[in-house]
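Chemist: Sequence:
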Amino acid sequence: MKFDTPATKNPIDQLKVVGKPLDRIDGPLKTTGTAPYAYEQHQAVPNAAYGHVIGAGIAKGNIMSMDLEAARKAPGVLTIVTAANAGKLTKGDFNTARLLGGPAIQHYHQAVALVVAETFEQARAAAGLVRIRYDRTGGAFDLTAAKKSAVISEREQPDIAVGDFAGAFAAAPVQLDATYTTPDQSHAMMEPHASIAAWDGDKLTLWTSNQMIAWGRGDVAKTLGIPKQNVRLVSPFIGGGFGGKLFVRADAVLAALGARAAGRPVKVALPRPLIANNTTHRPATIQRIRIGAAKDGTITAIGHESWSGDLPGGGLENAIQQSRLLYAGANRMMQARLATLDLPEANAMRAPGEAPGLMALEIAMDEMAEKLGMDPVEFRIRNDTQVDPEKPERPFSQRQLVQCLRTGAERFGWSKRNAKHGSVRDGRWLLGMGMAAGFRNNLVMKSGARVRLGGDGKVTVETDMTDIGTGTYTIIGQTAAEMMGVPLDKVVVRLGDSDFPVAAGSGGQWGANSSTAGVYAACMKLRQVVAAKLGFDPEKAAFADGKVSADGRSVALAKAAESGEVVVEDSIEFGDLAKKFQQSTFAAHFVEVGVDIATGESRIRRMLAVCAAGRILNPKQARSQVIGAMTMGIGGALSEELAVDKRLGFFVNHDLAGYEVAVHADVPHQEVIFLDEADDKSSPMKAKGVGELGLCGVSAAIANAIHNATGIRVREYPITLDKLLPHLPAMG
240 MKFDTPATKN
250 PIDQLKVVGK
260 PLDRIDGPLK
270 TTGTAPYAYE
280 QHQAVPNAAY
290 GHVIGAGIAK
300 GNIMSMDLEA
310 ARKAPGVLTI
320 VTAANAGKLT
330 KGDFNTARLL
340 GGPAIQHYHQ
350 AVALVVAETF
360 EQARAAAGLV
370 RIRYDRTGGA
380 FDLTAAKKSA
390 VISEREQPDI
400 AVGDFAGAFA
410 AAPVQLDATY
420 TTPDQSHAMM
430 EPHASIAAWD
440 GDKLTLWTSN
450 QMIAWGRGDV
460 AKTLGIPKQN
470 VRLVSPFIGG
480 GFGGKLFVRA
490 DAVLAALGAR
500 AAGRPVKVAL
510 PRPLIANNTT
520 HRPATIQRIR
530 IGAAKDGTIT
540 AIGHESWSGD
550 LPGGGLENAI
560 QQSRLLYAGA
570 NRMMQARLAT
580 LDLPEANAMR
590 APGEAPGLMA
600 LEIAMDEMAE
610 KLGMDPVEFR
620 IRNDTQVDPE
630 KPERPFSQRQ
640 LVQCLRTGAE
650 RFGWSKRNAK
660 HGSVRDGRWL
670 LGMGMAAGFR
680 NNLVMKSGAR
690 VRLGGDGKVT
700 VETDMTDIGT
710 GTYTIIGQTA
720 AEMMGVPLDK
730 VVVRLGDSDF
740 PVAAGSGGQW
750 GANSSTAGVY
760 AACMKLRQVV
770 AAKLGFDPEK
780 AAFADGKVSA
790 DGRSVALAKA
800 AESGEVVVED
810 SIEFGDLAKK
820 FQQSTFAAHF
830 VEVGVDIATG
840 ESRIRRMLAV
850 CAAGRILNPK
860 QARSQVIGAM
870 TMGIGGALSE
880 ELAVDKRLGF
890 FVNHDLAGYE
900 VAVHADVPHQ
910 EVIFLDEADD
920 KSSPMKAKGV
930 GELGLCGVSA
940 AIANAIHNAT
950 GIRVREYPIT
960 LDKLLPHLPA
970 MG
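So the sequence shown is numbered by the working numbering: it starts at 240 and just counts up by one.
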C-alpha cells in the first residue's frame, strides 16, 4: 500500500479498540518472568555452551602477542576465538569499528577474544588466564582539545544559512552568546547485550537482543561473509535498548563464531563494563548558541553551532536539528562539526540530536527571556512558527506547541512562579520552577506484516517488528482487532523474527506509527480477500463483532477460513508527504525543584509533560513511555555522565554503581497530558511517535528550575553539587 495522499476516514477512526488505555498483552509473561529474552532461550537452544568476551586493555595500538595456552588447558574450555583464527571478517554497514579487533585496536574494550566453555564460570575464569601484550599508541580522547580540528561530516547535513545572521545578530538590541556542554552518556538498559547462536549446517540462527531485525540480519551476514538467506535473527522480547541495540554488537558476532568453532550452540552476554566501552554511547557535545532579538521579544537572528566526536568514519551528534525548526527568526545559521576521537563508538541514543540539542537551546531561550524581561512561556509563544523557517512555503502538518505551552502553564500553576531568583523558601530548601519546549521530528519507514485468519476466527499478525518494552505487541494487536472487527483477545501477535515480513523496527520514534500502519495495510488486504470469499462488495463490507456485514446480511468472519487459513501480506510505503509538510511532534515540560541551601542537593518535586504527537494509540502505554523519558531526563540533568580518562581513553565509571541513573528516590509526581490530535499527513493511523519526545527538553526544564530556585546558571551538564555549592546564597 502506498501512502502518498493525506489519510481520509478509515476503519481505525472507529476507535473501538485503538486509542483505548488497554493493558499490555505481554504483561502477564513479563510480570511472571516467563517472557523468554535472548539469553533465556533454553527450550529453543538446549545444551548451549557459554562464551566470555575479552575486551582490549588499551584504547589504541596493536596486539603484539596473545598467550592462550593456560586458558586452553583450563577446566571446561571448548575453544577460543580470536581474529587470528576466526577467518575473514568484514565490517558491517552499521558498525564504525570492527566487532572483533586484532591485531589493530580501535578503542578500549574492543572485543579481542571469546573463550567458550561448558559453564559461564569456567569461561570467565579461563578468560582471566589469557595474557595479552600490547603496543599502545597515542590517541585523541578530549573533545575540547580536538574541537579545533573538527570538520564537516561527510555523511551529514551541510551548514545552514538563511538571511544575514552575522549582520542581524550584530544589530540586535538584545543579544545572547553562550556555550553549553553535554557529556558522554550510556544507554544503561537493564538487559545487557546478549545472544545465543546455533548453526544447522551452513545456516545460522541468532536469538539476540536487537531493535532492528532486518538491519541486524544484513550486518551479521556481511560480517561473516555468508548469504543473508542463511541468517535468521529472533528477538521476541528486548529488555530495553534506547538505541544501543539498533545494530548488532560483538555478542552476536562472537556467539556465531564461537558456535561454529565449538560445534554446538553458544550463548554470550556482555558484562556491564563492556556495555559502556564495547558498545555505543551518546557522544559529548560543545554547543554555542547566539540569539538576537528586538526589545519586544521577536527573534531576529538565531545561530547554533555544535561539536561532537567519534571514531574515524563515524558520525556526528546532530544537536542543531531542532534549532532549524522550533522557533521563527528571519536570519539563521546552523553548523555541526565532527572531531576524530579514539573513544568507544558514538551513535544513537534516545532522541539523538534533539535530546542534547534541547539541553542547550532551551536554557538559551530561558536566558534570553530573562534578558528581555519576558516570561519564558510567552517568549516562546511570541516566536512560534507554523511553517518551516528555512522553507516558509512548507507548512507543518500539525503544530500545537502553543497549545502545549498554554495548557502546561495553566495545569502546572505557572502563574504562581516568582521570577525573582532564590526568593521562595521551604525551610532549608530553595524552590524554583522551570520549563522548556520539547521537539522531535516525526519519522516514518516502510513497514510490512503478514496477517492470518484461522477457522477459529482468530487473527494472527506476523512481523519482524520488535518490542523494546514500549508496548508494540499491544498496539499491533489493537490495530488488527480494530481493522478486522474482533476483540483483542482474538488476536495473536508474533514479533521479532527475520522469517516474518520486514517492518520498521524500533528506533527513531518511527516504530509505533510505521509498524501499525504496515499492519493496517495487511489488514486492508485481508478485508478485501475475506469480503470477496463471503460474497460481499469489499467497498461496502463492515467488520464488527466477529462478523462481516453489508446490505442487510451478516456472516461470521471465521466462515471465510472454514476451508483453510486465509493468509495475506502487505506493507506500507510512504510517498513524499514528508517533503510537502514538515512532520514533527511537540511538548512542553514543566518542573518544580528544591535545592538544599546547605548541601546543594537538588530534588525534583513535581513534573508535567504536555505532548502533541498525533493520535495516541494506547494512552496507558504512551504515558508510561513519557514518564520513563521524563525520568531519563532527570538523570541527564543531575547525574548521568560517562567520565573519560583522557590519558588512557576509556570511560571510567562503566557500571551501574559509577554511572548514576535516576532511581525511585529521585522520581517525583509526574503528570502527562496528551493533546487531541490526529495527523492525516503522517500515516493511515494518523499517529506519530512519542517515546523520544518525552525526553526532549526535560533536562533543560530542570536546569531552568534550578536557576529560578538559586540564581545559579549552570551551562555544563550534569548539574552536580560541586557546580552549585560555591555559588549558593548564605544560609541566613
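Read the hints as simulated data drawn from the structure, not as lab findings. Every residue gets a Cβ at the ideal spot worked out from N, C-alpha and C, and that includes glycine. One or more of the hints may lead you astray.
Taking lysine-lysine and the DSS-like style, the derived pairs with C-alpha atoms no more than 25 Å apart in a straight line are [unchecked claim]:
hint, residue 1, residue 2
1, K764, K241
2, K685, K786
3, K241, K330
4, K786, K798
5, K630, K819
Simulated restraints on C-beta separations [what the hints assert, rightly or not]:
hint, residue 1, residue 2, range
6, G612, M240, 52 to 60 Å
7, E801, G266, 45 to 53 Å
8, K534, K659, 53 to 61 Å
9, A283, E804, 18 to 26 Å
10, P412, E632, 27 to 35 Å
11, T838, R370, 41 to 49 Å
12, E804, T271, 52 to 60 Å
Chemist: If a hint holds in the structure, say so; if it doesn't, say that too.
Modeler: Okay, the hints, checked on the actual structure:
{"no.": "1", "hint": "K764 with K241", "verdict": "holds (13 Å)"}
{"no.": "2", "hint": "K685 with K786", "verdict": "violated (30 Å)"}
{"no.": "3", "hint": "K241 with K330", "verdict": "violated (34 Å)"}
{"no.": "4", "hint": "K786 with K798", "verdict": "holds (9 Å)"}
{"no.": "5", "hint": "K630 with K819", "verdict": "holds (10 Å)"}
{"no.": "6", "hint": "G612 with M240: 52 to 60 Å", "verdict": "holds (53 Å)"}
{"no.": "7", "hint": "E801 with G266: 45 to 53 Å", "verdict": "violated (33 Å)"}
{"no.": "8", "hint": "K534 with K659: 53 to 61 Å", "verdict": "violated (21 Å)"}
{"no.": "9", "hint": "A283 with E804: 18 to 26 Å", "verdict": "holds (24 Å)"}
{"no.": "10", "hint": "P412 with E632: 27 to 35 Å", "verdict": "holds (30 Å)"}
{"no.": "11", "hint": "T838 with R370: 41 to 49 Å", "verdict": "holds (47 Å)"}
{"no.": "12", "hint": "E804 with T271: 52 to 60 Å", "verdict": "violated (30 Å)"}
Hints 2, 3, 7, 8 and 12, counting from the list given before, are not met by this structure.
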